[in-house]
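Q: Assemble the complex: chain A is given as a structure, and chain B with the ligand must be docked to it using the hints.
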Amino acid sequence: MNTIDRRHFLKWLGTASALSAFGIPSLAFPKSGARIVVVGGGFGGATCAKYLKRFDSSLSVTLISDTKKFITCPFSNAVLGGMKKMDFITHGYEKLSSVHGVKVVHDTVTTVDSSAKKIRTAGGKSFSYDRLVLSPGIGFQWDAIEGYNEAASESMPHSWHGGSQTVLLRKQLEAMPNGGLVIIAPPGNPFRCPPGPYERASLIAHYLKKNKPRSKILILDAKDKFSKQPLFQDAWDEFYPDLIEWVPGSQGGKLDRVDAKNMTVYASGDKHKADVVNIIPPQKAASIAFSAGLTNKKGWCPVNQKTFESTVKPGIHVIGDASIAGKMPKSGFAASSQGKVCAAEIVAGLRGESVGISSWVNTCYSLVAPDYGISVAAVYRLTDKGIMPVKGAGGVGKRDAPLQQRRMEAVYAEGWYKAITADMFG
Amino acid sequence: MKQKSLRITVVMSAAIFMWISGVGMAADYRPAMLANPCAGCHGTDGASPGSIPSIKGLPSSYLVSAMKAFKADKRKGTVMNRIAKGYTDEEIELMAKHFSSAK
Ligand SMILES: Cc1cc2nc3c(=O)[nH]c(=O)nc-3n(C[C@H](O)[C@H](O)[C@H](O)COP(=O)(O)OP(=O)(O)OC[C@H]3O[C@@H](n4cnc5c(N)ncnc54)[C@H](O)[C@@H]3O)c2cc1C
Chain A
1 MNTIDRRHFL KWLGTASALS AFGIPSLAFP KSGARIVVVG GGFGGATCAK YLKRFDSSLS
61 VTLISDTKKF ITCPFSNAVL GGMKKMDFIT HGYEKLSSVH GVKVVHDTVT TVDSSAKKIR
121 TAGGKSFSYD RLVLSPGIGF QWDAIEGYNE AASESMPHSW HGGSQTVLLR KQLEAMPNGG
181 LVIIAPPGNP FRCPPGPYER ASLIAHYLKK NKPRSKILIL DAKDKFSKQP LFQDAWDEFY
241 PDLIEWVPGS QGGKLDRVDA KNMTVYASGD KHKADVVNII PPQKAASIAF SAGLTNKKGW
301 CPVNQKTFES TVKPGIHVIG DASIAGKMPK SGFAASSQGK VCAAEIVAGL RGESVGISSW
361 VNTCYSLVAP DYGISVAAVY RLTDKGIMPV KGAGGVGKRD APLQQRRMEA VYAEGWYKAI
421 TADMFG
Chain B
1 MKQKSLRITV VMSAAIFMWI SGVGMAADYR PAMLANPCAG CHGTDGASPG SIPSIKGLPS
61 SYLVSAMKAF KADKRKGTVM NRIAKGYTDE EIELMAKHFS SAK
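For the protein sequence lines, the chains are A and B, in the order given.
For what it's worth, the numbering used here labels the leading residue of the first sequence as 1, then goes sequentially.
For what it's worth, the numbering used here labels the leading residue of the second sequence as 1, then goes sequentially.
Here chain A stands alone, though its shape is the one from the complex (with noise of 0.2 angstroms):
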């Protein structure tokens, strides 16, 4: 084999597992049959699990969600909006266990014992695993703002988990008096989704100037700049001059405490009496992550930036949201795709091969009213320095582009929708 190039014996491969004659379809053999658990039926999970059985049909997956449909963070700014109902964001997990064989576990997993590779849950039962992948999402500090917790969140609700947050904030939307006040207040970085509470203000502004057109919308934020931000506010000018108004953090933004009983916000020593209060709080991994001893002081779960394996426990691999993953950010895209990298190295690595190359994508789309949708894309590489994205490639969508972009982009925002959607659940 010494004469031969390494480069054309891959790509003469690469064709070769492709032929059917052959009957060798891509990443078949040999066969491992271990046992891995899923935890958390979303964006990472969700991907994970049915990659993994594609990968290798051969292994025993277990996907544990401790709910029994998934409600989804992304779309729900348009129910929100008034543009969409619940229906459109709900998923059920039937077709992950029926088509591809992943056995689907409605439950909470309360205790992982990384020394006996085991899983416990709510329900009594337990789990012993080969690898286990985490991707339970975010938890919030709900110390940090002063008057802010969870019961708080009854009554100025932070609707960044999809569900009935989502339904008590439309319905405060629907119940608020025309020439209302509703304010935003998103987080500093890092955070679920970078430009969600923009997009989030951009949806509502559109429900109000229908339906409520004397209202205003103020954003208190702890920030001084945000994701996508001259192509939101070009939009703003132009389609909500006078009803979005954005404060820095520098300027006023920053939340000194809430009193969610008098629905007011005391911000930068001002008060604001609002009649909906949509708090974001700062962020940190979900609890299963602290539980298991996964996370740094800052409370997120560090990571192998090529396998996605736990730096702090063997055997334990934590994807989406909860990890820190290099440049990459918290989002649905990024979780989707770091499941799928995370399941080819768990099957790489149970067959002690290599995957070879590392390479993610992310793109999330927002819309800033029903027919204008604006971007921002990335390729990221494993690099010597973590994680990054490709240089030339990727960035947000020009800011003169003509009005025909922003419509495209608002029928392939719906489009990504369905296609991730379906890559997850169908």
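If you're looking for bench data, these hints aren't it; they were derived computationally from the structure.
One should not assume that every hint holds.
To give an idea of the interface, some chain A residues facing chain B are shown, with a C-beta separation under 10 angstroms as derived from the structure [unchecked claim]: (1) Tyr-51; (2) Ala-260; (3) Asn-262; (4) Tyr-266; (5) Ser-336; (6) Ile-357; (7) Thr-363; (8) Pro-370; (9) Asp-371; (10) Ala-378; (11) Val-396; (12) Gly-397.
Since we're looking at a predicted model, the values are computed, not measured.
Cβ atoms here follow ideal geometry from the backbone N, Cα and C, with glycine treated the same way.
A: Chain B with the ligand only, in chain A's frame:
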């Protein structure tokens, strides 16, 4: 010529041997590693359920020329120009083969 056919024979028999024995040959993960994130927009294996075009089963040569045209800004798109610039020509060919042969 002689040299080349010898190489091919060696590669073929090595591959067949390893396939039959089921061990030893590492599968080439690269096409899947590169192509899988595309499914986030184009659907699993490139079969789109929504408004973004399907790319599953399109001729490899078409996929290569489309990607290269996006990369060189010779074809206009909303997002593909930004994405195509993240890949080398060789990687584009690997992905094109992957999607054109997807079942
Ligand atoms: C308003 C809003 C809009 C967004 N829009 C976009 C967008 O347009 N595009 C985009 O890419 N991203 C978007 N995101 C971000 C996206 O929702 C997250 O980044 C993504 O959900 C992260 O995936 P994950 O797998 O880490 O967590 P999740 O998707 O949250 O999944 C985690 C799952 O694990 C479950 N779980 C947690 N602990 C346990 C346990 N102990 N046992 C069992 N189950 C458990 C949780 O209940 C949850 O179901 C948006 C977010 C918000 C808030």
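Q: Each hint: holds or not?
A: Comparing the hints with the structure gives:
At a threshold of 10 angstroms, the smallest CB-CB gap from Tyr-51 of chain A to chain B is about 7 angstroms, leaving the interface hint in force. Given hint, Ala-260 of chain A at the interface with chain B, is violated; its Cβ is 38 angstroms from that chain's nearest Cβ, farther than 10 angstroms. Hint on Asn-262 of chain A is violated. Least Cβ distance to chain B is approximately 44 angstroms, over the 10 angstroms limit. Residue-level restraint check for Tyr-266 of chain A is violated (minimum Cβ-Cβ distance to chain B is 41 angstroms; threshold 10 angstroms).
Annotation: interface hint on Ser-336 of chain A holds; nearest CB of chain B at approximately 6 angstroms, less than 10 angstroms. Hint status for Ile-357 of chain A relative to chain B: holds, with the closest Cβ pair at about 5 angstroms, below 10 angstroms. Taking 10 angstroms as the C-beta cut-off, the interface hint given for Thr-363 of chain A holds, the closest approach to chain B being about 6 angstroms. At its closest, the beta carbon of Pro-370 of chain A sits 14 angstroms from a beta carbon of chain B; the interface hint therefore is violated under the 10 angstroms criterion.
Taking 10 angstroms as the C-beta cut-off, the interface hint given for Asp-371 of chain A is violated, the closest approach to chain B being about 13 angstroms. For Ala-378 of chain A, the suggested interface contact is upheld, since its CB lies about 8 angstroms from the closest CB of chain B, less than 10 angstroms. The interface hint given for Val-396 of chain A holds, since its Cβ lies 9 angstroms from the closest Cβ of chain B, which is under the 10 angstroms cut-off. At about 7 angstroms, the closest approach between the beta carbon of Gly-397 of chain A and any beta carbon in chain B falls short of 10 angstroms, and the interface hint on this residue holds.
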